[in-house]
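Chemist: So the chains spell out like this:
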Amino acid sequence: MNGRKSLAVRLALVTLLTTGSIFFISSGALYLMVRDIMLEHAEDQARELTHATANRIRSSLNEVAGSAQGLASALNSGQIRPDGLFPVLDNVTLQSDAVQGAAVTYEPYAADPDERYYGPFSYETPNGITRMHLGGDDFDYFTRDWYQIPALTRSGFWTEPFPSAADPNRLITTYSRPFFDPDDAEALRGIVTMDIELPALTARVDEVEIFDSGFAFLVSPRTRFITYPQRDWIMRESLFSLAETLGEPELRELGRRIQQTDEGFSRVPEALLEEPARLYHVRLPEANWAVGVIIPERELFGDILRVMHWVLIIAAIGFFILLGTIIGISRGITRPLKGLASSAGEIARGNLDRPLPPIRTGDEVGQLAHSLDEMRLSLKDYINDLTATTAAKERMESELKIARNIQMSFLPKRLDLSDLDVGIDLAARLIPAKEVGGDLYDFFPLREHNALFFAVGDVSDKGVPAALFMAVTKTLVKGIAEQDPRDPGEILTRVNNELCLNNDNGMFVTYLCGVLDLGTGEVRFANAGHNPPLIHRADGTYDWLKLPPGLVLGAMEDMEYPVQTVRLAPGDALLLYTDGVTEAADGEQKLYGEDRLFALYGEIASQPARQQVDAVLESVERFADGATQADDITVLALRYCPGDGECVR
Amino acid sequence: MRRVLALAAVLLLCASTALADTQTLRFQPHWVPQAQFAGFYLAKEMGWYQDAGLELEILPHGAEHPAPATLARQEADVALLYLTQALELREQGVDVVNVAQLIQDSSLVLVSLAESGILVPEDLDGQRVSRWASFSLQPEALFRTYGVHPETVDQGATMAALRTGAVAAATATRYNELVELYLSGLDPDEIEVMPLEDHGVGLAEDGIYVLESTLRERPEAVRTFVEVSLRGWEYAFAHPDAAVDAVMDRVIQAGEPTNRAHQRLMLEALRPLYLEDEALRGPHLDRQDYQLAVSLMRNLGHLEWEPVPYEQFHQDVTQ
Chain A
1 MNGRKSLAVR LALVTLLTTG SIFFISSGAL YLMVRDIMLE HAEDQARELT
51 HATANRIRSS LNEVAGSAQG LASALNSGQI RPDGLFPVLD NVTLQSDAVQ
101 GAAVTYEPYA ADPDERYYGP FSYETPNGIT RMHLGGDDFD YFTRDWYQIP
151 ALTRSGFWTE PFPSAADPNR LITTYSRPFF DPDDAEALRG IVTMDIELPA
201 LTARVDEVEI FDSGFAFLVS PRTRFITYPQ RDWIMRESLF SLAETLGEPE
251 LRELGRRIQQ TDEGFSRVPE ALLEEPARLY HVRLPEANWA VGVIIPEREL
301 FGDILRVMHW VLIIAAIGFF ILLGTIIGIS RGITRPLKGL ASSAGEIARG
351 NLDRPLPPIR TGDEVGQLAH SLDEMRLSLK DYINDLTATT AAKERMESEL
401 KIARNIQMSF LPKRLDLSDL DVGIDLAARL IPAKEVGGDL YDFFPLREHN
451 ALFFAVGDVS DKGVPAALFM AVTKTLVKGI AEQDPRDPGE ILTRVNNELC
501 LNNDNGMFVT YLCGVLDLGT GEVRFANAGH NPPLIHRADG TYDWLKLPPG
551 LVLGAMEDME YPVQTVRLAP GDALLLYTDG VTEAADGEQK LYGEDRLFAL
601 YGEIASQPAR QQVDAVLESV ERFADGATQA DDITVLALRY CPGDGECVR
Chain B
650 MRRVLALAAV LLLCASTALA DTQTLRFQPH WVPQAQFAGF YLAKEMGWYQ
700 DAGLELEILP HGAEHPAPAT LARQEADVAL LYLTQALELR EQGVDVVNVA
750 QLIQDSSLVL VSLAESGILV PEDLDGQRVS RWASFSLQPE ALFRTYGVHP
800 ETVDQGATMA ALRTGAVAAA TATRYNELVE LYLSGLDPDE IEVMPLEDHG
850 VGLAEDGIYV LESTLRERPE AVRTFVEVSL RGWEYAFAHP DAAVDAVMDR
900 VIQAGEPTNR AHQRLMLEAL RPLYLEDEAL RGPHLDRQDY QLAVSLMRNL
950 GHLEWEPVPY EQFHQDVTQ
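Protein chains in written order, with our numbering: chain A, 1 to 649; chain B, 650 to 968.
Excised from the complex, chain A in its bound form:
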């Protein structure tokens, strides 16, 4: 079986494709929407956490900056002398949790005209406060950022983290602030610095947890890591250096975004964590540092991915079940259909005896099978009937053919006047509309009276009854006419009375007959409701021959039929016909008509009788132009040629 044609496979494929597409589109859209929602939630959470962390750091930074500001103000007002600084510095360091070291460094020779460097510095150690002096030939603090930048900008400054002068293993960041001559607010005297140790600051960042593996970190203005889970990056790598080392320009973009925006939620390039992640960052305006919280997308979207995973598994199982069901159903449909198709093929080949396979389902296929079986039986009956009918029809046709032959044999073929010394040119033809017709013509010589009887008739019906009625009429006429032919009116009266006997079917016949005295040319006509004949005089004139009317034969008993006598001169001719000629119709139901016949007769009347008959029939046939012949057509032409009988050919 060809898969492309199999209904089961096609049905399964189309159904699966459709449901699959709908499923994937809807679950894809669902995934994206849920993902967006989760991303929004994560952003909210991350924002809150980042701000909280940033605020805690800021409070420490602000405390340190506040202490420095206070000390600078005291120095500006001249309350503290350079040699009295150490107790003050000790005090600041002790009293503030945030401040772990404090120093005041002076401009060259500003504190002591003999000393280029003057920088008392107190800092916390586990053993208490330790004091030292900053500055010296190997420690030119004037070019240190913490000194130079506030000195030049005359404003506070947070340094990048750096190792403490007291202990290179202590990483500190310093807030420094300039102070000025009490007498001249323009003259810089030196710089106040307050240190905060990084561990104290960053422990708070390290504590931050979000989801399972999300974490927080702190970067310097250069985006150098101040805290980060990867310890060997701290104070060494920045987002910019990693962008170079990892060959990931997007990291550089991220670094610049952190430097340039106050806060934001960004994608972290995969290179950083070796997996996609999201970052929320908040910049600390005081120090220009930034706090960031990173959440791996794996965790962010973990739940939805898990859900989608199960949805896909369930969908896959569902698809298999669906596939099985569809195949089952379509097999259920196609199995009986296959049986039906095979049976229908048998029926098509004409085998109506093979019964259809039994189908007990009440569905459309069952109905189809039932109908098909009924069709088979009906066909069988029909064909049986048809066979019988055809046989009957053939028999009837054969009988009709015989009847036609018999009927045609009634009609005289030719006029034999050889024993009479007179010339008559006479021809007649009858074309029945059916196998047998109701028209008739007749002619026979009446030798005792030296006369010729001729007639044309038309039975009211067609077919076999008309043919029989015609046979009866013809026989009656001939029988009566041969007894006493002198009065054709009398003949018709007698024939009429005979026909009226037992004429239960109400059939009748129009009949026109004439008795031609061969010696004188006198014709005695009697007419029973028939069309008037045409008469053609030897001098070339012609016209309808007006005859007295008479009722059709067989309609009513005891009818009188007047006789009209017409004398024919030698060469005169007559044309008798039935209404099959004048009422012949063409395709548009237009009638041939008497005018057309009249005109035609003018052209053909001088021709021999045989040719006249043929010409009329041919003219009618041409007019009908293939339209079915509705009525029998009969034409009889006659020319009187006494004497030598010249006109007889």
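Any given hint might turn out to be false.
[What the hints assert, rightly or not] Taking CB as the label site, the calculated pair distances span:
#1 L708(B) x G302(A): 46 to 56 Å
#2 L768(B) x P108(A): 54 to 64 Å
#3 L949(B) x P126(A): 45 to 55 Å
#4 D97(A) x E839(B): 37 to 47 Å
#5 D97(A) x D890(B): 41 to 51 Å
#6 E846(B) x I129(A): 45 to 55 Å
#7 L94(A) x L708(B): 58 to 68 Å
[Stated by the list, open to error] A short list of chain A residues far from chain B (calculated; beta carbon distances all over 10 Å):
#8 S59
#9 S164
#10 R486
[Said to hold, decoys possible] Which residues of chain A face chain B? A few of them, derived with a C-beta cut under 8 Å, are:
#11 F142
#12 L152
#13 G156
#14 E160
#15 M235
#16 S241
Read the hints as simulated data drawn from the structure, not as lab findings. The structure displayed is predicted, hence computed values, not measured ones. Glycine included, each C-beta is placed from N, C-alpha and C at the ideal position.
Mind docking chain B on chain A? Use the hints.
Modeler: Just chain B now, kept in the frame of chain A:
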């Protein structure tokens, strides 16, 4: 027993001969560990000095180990110096000799933020410009050439002053401070670079220097050092990953807070200073470069003594 003693004596003799063949040389680089010294680190790590019979000791280096002083005090046998540093030593009466010139051009530039609009030297007039106290000569020569009078301040070890706007322009080397600026997030189009070389005040930089006495007494050791070091540099540029590995080892040992990206970019910035058409440009010191340095320094009053003739100052030991 006598035999055994004799054998031991022979072995001892051999060992002492071997010891005498391996000469120790103390080398003083003139800044903190970084890719500026990659060729030396790499040659040492590959064991090439050892193979050539030289026991090279790379002395601790950084701001607190000034190379001119170490060489003058003979705490180092050989030192890496800028040409100006060497001439200043000569001025102080220390007879240093250039035995190989490594960097023929000046890598010094004045750098400013593009937004401050300092495009030509004239724009520096009245601006605050920082320069290293020990390298003030060339910027001063530039200011004098163009007759501008900026407010000069001493420059520290970071570029924070420039980034925070405390100074309008700062001095920088192409291989270190420009890289630092790039790695602090500034894109090349955000800074304006004014190379000193373009204004006639660029001087040759890193060269290998020894005292005249050292060259006289240990010419082989000096020649070996120079030749192996040049091979080290060729190899470093041909194998930058290996070079950066060697640099990072030193960097981490010394606790320097730099990173691999910085050292890699530094090495790439040094490449055009060291190489031309893939070949080393050194070790010859061009006579004109020497004379330009001398005349600049004399004009600015950094040299008072009559300088030594070129032939005495530079002796290409590889020839």
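Chemist: For each hint, tell me whether it holds in the structure or not.
Modeler: These are the hints, each one checked on the structure:
no. : hint                          : verdict
1   : L708(B) x G302(A): 46 to 56 Å : holds (55 Å)
2   : L768(B) x P108(A): 54 to 64 Å : violated (34 Å)
3   : L949(B) x P126(A): 45 to 55 Å : holds (52 Å)
4   : D97(A) x E839(B): 37 to 47 Å  : holds (40 Å)
5   : D97(A) x D890(B): 41 to 51 Å  : holds (47 Å)
6   : E846(B) x I129(A): 45 to 55 Å : holds (52 Å)
7   : L94(A) x L708(B): 58 to 68 Å  : violated (42 Å)
8   : S59                           : holds (24 Å)
9   : S164                          : holds (13 Å)
10  : R486                          : holds (145 Å)
11  : F142                          : holds (6 Å)
12  : L152                          : holds (4 Å)
13  : G156                          : violated (11 Å)
14  : E160                          : holds (7 Å)
15  : M235                          : holds (5 Å)
16  : S241                          : holds (4 Å)
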